[in-house]
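Here is how the chains run, residue by residue.
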Amino acid sequence: MTDLSANSAPQTAPGRHIPDRLQGPGARLLASWELLLLLVAVAIFIANSLASPYFLNAWNLSDATFNFTEKAMIAFAMALLIIAGEIDLSVASIIALASTAMGAAAVAGFGMPALVLIGLVTGVLCGAFNGVLVTRLGLPSIVVTIGTMSLFRGISFIVLGDGAYRGYPADFSYFGQGYVVWVISFEFVLFALLAVAYHVLLHRSNFGRAVFAIGNNATAAQFSGIRVERVKFILFLLTGLMSGVAAICLTSRLGSTRPSIAAGMELEVVTMVVLGGVSILGGSGSIPGVVIAAFVMGLVTFGLGLLNVPGIVMSIFIGLMLIGVIALPRLWQMWRG
Amino acid sequence: MTRFLKSREAMLTGAILALLALIASRFPGFIAPGNLARVFTDTSPLLILALGQTVVILTRCIDLSVAANLALSGMVCAMLNAAWPGLPVPVILAVAVTLGAIMGMANGILVWKLQIPPIVVTLGTMTIYRGIIFLISDGAWVNAHEMSAAFTGFPRASLLGLPVLAWMGILATAGVALMIARTPLGRAFYAVGGNPHAAVYTGLSVGRTQFWAFTLSGALAGLTGYLWVARYAVAYVDIAAGFELEVVAACVIGGISIAGGAGTILGTLLGALFLGIVKNALPVVDVSPFWQMAISGSAIIVAVTLNTRSARTKGRIILRSAEHRAPEGAAA
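Protein chains in written order, with the numbering used here: chain A, 17 to 353; chain B, 167 to 498.
Everything labelled a hint here was simulated from the structure, so no lab data went into it.
One should not assume that every hint holds.
Result set (SDA-like, lysine to any residue): computed pairs, CA atoms no more than 25 Å apart in a straight line [claimed, not checked]:
#1 B:279 x A:336
#2 B:279 x A:337
#3 B:279 x A:52
#4 B:279 x A:49
#5 B:279 x A:179
#6 B:279 x A:348
#7 B:279 x A:204
With the rest of the complex left out, here is chain B (with noise of 0.2 Å):
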């Protein structure tokens, strides 16, 4: 307990809570139980983007290529549903996760077969999957009314009071909580990122433990393609263009090392949470919503400092060297 309460997750929470006494002073409507789970429903697909995002990280790679992978998937399920209405959802579900998957795969072969640093990859990867939305839709939208009642209805579904979208992000947390927690290939995420070296002589595979991160990043990409496209009821090349930034942001907020190998899915569910809130709350306390962009920003350069201060207080420092020189071995 002592522990917890000197953790980042601690601090992290501590400043959630302060930010909501502080909208809630002025505006007591925000905290109602009702605003805050559409405020967590809002935050979801932020943040089954961003635990794929970091189990990526956890392993020293980068996923830049999310968003872009979300809007192709979300597009071509928009496109099956427009051509076969009748397409039961589950169906639609499962093309979006194994479309996600595949594109995740891809990015997870470049890294792993042909040793290519993973910003490369999933920068070229996300100009590409891009490109393809507008191959494949000739730059076309699908509307609302191109789209199936079925189709466009699923996320909002309300089950036990809460809609499925919100489910999902429960769903998709304890998952890949679990995952990571419990499952050899979810502690070789934290062995691969925190030491490769070490890694590899225990045994495990730096490069197919890369691959299925990244593979599970696109799966979950992916879905989050469905679920965004119903919610918002369109699709189109440029929906969630940038928005891989964001997902970044919430891990680094979220005291996930971009170092490797140091991070929790608590810490994420928190910083997710508190970019949620900051978008939420802008236009109640009639804030304009282009600051918002301003503020996610200063929030990833004072996570990222207090991070690494915290980090450094232990005596890190002559680890630092070692740290700094092993991938550069690797890299000869």
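The shape of chain A in the complex, shown without the other chains (with noise of 0.2 Å):
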């Protein structure tokens, strides 16, 4: 992965500025990423207000959480993959062979509980897979994930070929269609306990701590102790988990299985995590970028869609704000010499 997206240019690298003293909590908050995509958030929340009438509805800010909850959920685990230098880009095929295996177990007549467990499995096997490969063979989690991508798709393709799996039980439709309290979705609860307990794994524990210094500098973690690739092979097997968890929502959501299921949602989930502030690179970033950026994509999707905007357009958003979020601060810098 740093092999192939390092953009290696020695002769433009500065020296690090090392400042002789460290910012407070407070500079340190107000010169944050996370700041200026909050302000973001904020001004496309206005703007959506003041461009369409039906904006500020309950129901429709509510319905709004779905365009993101299951991107988000992945992004998560992938946030933390990313930092520590790998990728998986297979994300949204976990999806689409789950969905296909939970629909299969479904029409053989299993209830509720096995679904979401054949689910579960399902993404946890196929990120082992990914894992297996990656650390146990040394190959480029990049081109192992394409691969994948390929395969776990291509296994949906031959199960189902153009036909779909209908006939969920009535009680699995409670993941993506059920409300907890109000407007407040099943979902969109599960992806704030998720955003709670990801900060914590990242942010509040050893084995995030590990990540981070696995993402800076591999050689130097495996020295220092840290079992470098038991950790990646752990971020795979959380990556194809919250895969699984995502496809339970979407099928749940949808009420129906296609092979093309969730197809092109790895590259959303990609841009979600880069959006939040994590470097591409590895060995920087922050859960709660990651959970801004979602609102950020969320209020935009929703807000464009509301003004009748096509889906392909909003795209292009995404695409120019994927760039835009790197090339600005990069191109301020440059500006100012």
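Join these two chains into a complex; the hints should help.
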């Protein structure tokens, strides 16, 4: 991953500036990526409520959260993986495979708990497959996951062809369509809980420190006693598990499975992670950033949708945001000297 | 000669011959010269794109925007043809190549001047280029009856027994092979990918070399855009969706190292042919075409496993740690 994405141009790399006084927490927050993103989110929120009279409606806003909750669940795990210097492009295909497995089980007459278990296990197995190839065989994760991306979705195509699975049990629909209280959906609650869990895992645990250490310098991390390969393997497992969770939510929400389910979602997940301030080169990033990025993407998609902008045009905005958020600070730096 | 026999290209040639023999044992018609020519023609678009991708990967980058570039160039060509049916094909070709090159340059500039990781840049431009197709076409299709006979006839026109599309594939292969073997820029692609630091000390600009790699990849994608649209006689937003991964797959199967600096054009040619033969053989041996995706996925994994294994046995393990360090130093 590092080999590929590192845009090596040593002639322009300046020496690292070491300040003689560290910033206090207040100053750090003011200069942070998260605050900038938050301002963008607020600006989009205000612009949306001015542009469309239908925006400020509790049910509409609740609907809007479905635009990002499933992607964000995967983005949390993906953030850790990218911080550790790896990437998983097969997540959307894991969703397809997990959804296909659940569909086949539903047709065979399994009930809701079994379906959930099958979705999760399929996700974990796919993650383990990626993890073994990357950590045991030492293959570059970008190539491995481009391969498994074809393989996993390919299996769905072999099983389903141009058909579809329908007829999920009634109680299965709760995950994607149920509400916990009033307009707060089950998916949104799950998203919030996972955000807290991943925040603790990345920013408050030994495991999280190990992830940062590996992303900054895997060799040094190895020598300081971190089991690099094992941590990476666990991260692939987590990403697979989250894809399984997302597969359950998405399948339950749509009520059907086609092999093309969630096509292209891996790119949106990576966009969300990068937009959230995670360095694609590894070593830095935060969960709050990813959470805010999820809201930004959800608000943009929803706001443009209310203005009748077609989905494909929204993707232009997403693409521009992805490049813009990295390019603008650099242009700003160049302009200032 | 012995070196060739031990090489990855020889292994791949063996795999392709074995595959052909296997198919021929049940369906001898598949390896008739006429049919093999058809398979090659059908593989040419993949091959042309893979050549551009090879150069990009050699410089330690990746171009995920090639399929979107192809679709946008193709749509512009189709709309030009629909608006001015009299426009001669050479003009259309020039427009396609120029437009594709400009889109490649946009990628290259972002990678070179703003130092944005190539995977991020091309993920972004991939969705942007696709979106632009919708904006200019309003989501409408350009259908066969709106295209002139000369426009759709060009890739199928027969020249010395082969269609022009196949000749384009041959020409592009020969051109890129010559360029990377015989020109300073071509050698620079290897130098920059093999060791960026050493390349800088020998006076090469890493960013500028990567910029030209993206430009070449874009130009070839633009060319393929016209050929694709003319061949299938239809242009719409989603043509060649997801094709960029098949292109990367052809390169990886052909032994182009994703870490940069290693790989040959012969390898790319064989990688593309392998995928093309599989794709064309599936309907013949009566396997559902839905199998193709899983097969190419497995082929990528097997190929990259074999490539990494063979690279390791030559005592490169010590060098690997240096390779890991180099880009990190540059990124700091």
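Hint-by-hint comparison with the structure:
1. B:279 x A:336: 17 Å, holds
2. B:279 x A:337: Since the Cα atoms of residue 279 of chain B and residue 337 of chain A sit roughly 18 Å apart, the hinted pair holds (cutoff 25 Å).
3. B:279 x A:52: 24 Å, holds
4. B:279 x A:49: 22 Å, holds
5. B:279 x A:179: Roughly 47 Å separates the two Cα atoms, so the pair is violated.
6. B:279 x A:348: 13 Å, holds
7. B:279 x A:204: Violated, because 40 Å separates the two Cα atoms, which is more than 25 Å.
Violated hints, in rising order: 5 and 7; the structure is consistent with all others.
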